[in-house]
Amino acid sequence: MSVFSTVLARDLRLALRQSADSLTVVAFFAIATVLFPFGVGPEANILARIAGGVLWVTALLAALLSLDRVFTVDFEDGTLDQLILSGESLSLVVLAKVIAHWLTTGVPLIIMSPVLAVTLHLPAEGYAPLMLALLLGTPTVSLVGATGAALVLGTRRGGVLLSLLVLPLYIPVLIFGTAAVEAAVTGRSAGPMLMVLGGLMVLAASLSPWATAAALRQAVE
Amino acid sequence: MSCEINSTAPTLPLVARFRSAMVRRMSGDGFTSGRFSGEGLACRRGGRLVFAGLHFSVAPGGALVLRGPNGSGKTTLLRLMSGLTPSSSGHMAWDGTPVDDRDAHAARLRFVTHLDAVKPALTIMENLAFWMALWSGKVEDTVILKAMEALDLQRLSAFPARLLSAGQRHRLALARLMVAPAPLWLLDEPGNALDDASLTALAKMIADHRARGGMVVVASHGSAFVEGGMTLDVGAFSPKTPAHWSEEEE
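Chains as they are written, first to last, in the numbering used here: chain A, 1 to 221; chain B, 1001 to 1250.
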């Protein structure tokens, strides 16, 4: 367990020292979302209708922006070799890195989302389901994205390849995340959608660290 | 009688393992490790056979210096010894038992590659504390201070590593060897970018490690810092036929 907490603490400390990286993600989320009222027009009912979907899509793209870096820096400076040689389970190291990624990008996105929902005229009853859906969905985004990031490690222009690889895998999260907001706004219960999101998270949490570790071992061969 | 033997036999390895663990813990410094060896090793990179039929053996307290021209496979052999790269044939053994559990093998070695694995945003102290926590599960300032002193880094301990020169960064990578003991050191060109004083410090580190029963494998062109080690010419195991590259070979 000490490996898990050591890697988590180090990654959080590095993120804090290089806070520009996390801020870029939040700034991208904000700017991309604010573009929509300009593009679609200021009509409140149209914006309210698309608010859930817009917030989810921009959140996914913002998270994708940072996923590229999860393993690249460690790979290039030789830290990854040493982490693999730590003698402890690599899946645990991966899980620590993914949680650190979620804490430094997923959580700021969740906190930022209600502020941006205001600019899109999201009805009041949609706020709580939106944040809950993001809370359950963004860990899946980090977990699946980490597997993709490990697979494209060492390739040229890996960032572009990563988007092609993982964006299709985000479709279930996007469907149920948007549906949760939609359900709450139209007066139905968001519960079932949130449960599916929770299920997806459990599925990703049990499979992704293992697959990511295998991809990382392959990358350093 | 036979019943007694049958009942005690399975416990014997357990007792032995427990005893060796106790000895390791109690002796503090000094390793109770056995011989590290490899037999019939071959490695293929990008379809090209780098070396084949290679064998080596290092005894406790011993040193092995890998030599050979550029591209002869010194780094590849070190990565193979560390378990990062699988061999295409042959096998390695630790104390007579085959090395098949990569994590267990990794726990008894330290590998200094040509990449320094230094985090520029962390101070020297924090860099070393991270590796110490990762490898030994605890952080002791006295141990880290000793490691920094061994490579003359203590004056810089509070500096962020991004301010270090290439040589200082490499010294920081070498200081990692001192924060958590492991019987086998794999060093890839450890003398690169080091000044004379640091080379002397490295030679002392290696000598101390071997005096405690540790093993060292060094890939190097100049081996002034390894005294009385065996030499392995990796180039002698490369295939005699001229190397050519083709897609089909993969």
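Please keep in mind that the hints were generated in silico from the structure rather than gathered at the bench. Here a beta-carbon is modelled for each residue, glycine too, at the ideal position from N, C-alpha and C. One should not assume that every hint holds.
[Said to hold, decoys possible] Below, a sample of chain A positions facing chain B; criterion: calculated Cβ distance under 7 Å:
1. S2
2. D11
3. R49
4. G78
[Said to hold, decoys possible] Covered stretches of chain A, going by a simulated chain B footprint (3 or more residues, C-beta under 8 Å):
5. 4 to 10
6. 81 to 88
7. 136 to 147
Cross-check of the supplied hints:
Because the smallest distance between the Cβ of S2/A and any Cβ of chain B comes to about 4 Å, under 7 Å, the interface hint for this residue holds. For D11/A, the interface hint is violated, the least distance from its beta-carbon to any beta-carbon of chain B being 10 Å, above 7 Å. Contact between R49/A and chain B, as hinted, is not supported at the beta carbon level, the nearest pair being about 44 Å apart and thus beyond 7 Å. With a least beta-carbon distance of about 3 Å to chain B, the hint placing G78/A at the interface is held under the 7 Å criterion.
Requiring three or more residues with a Cβ within less than 8 Å of a Cβ of chain B, the coverage given for the region 4 to 10 of chain A holds, as 3 such residues are present. For a cut-off of 8 Å, the count of residues in the region 81 to 88 of chain A with a CB near a CB of chain B stands at 8, and the three-residue condition holds. Counting residues of the region 136 to 147 of chain A whose beta carbon lies closer than 8 Å to any beta carbon of chain B gives 0, which falls below the threshold of three, so the coverage claim is violated.
In terms of the numbered hints stated before, the structure departs from hints 2, 3, 7, listed from lowest to highest.
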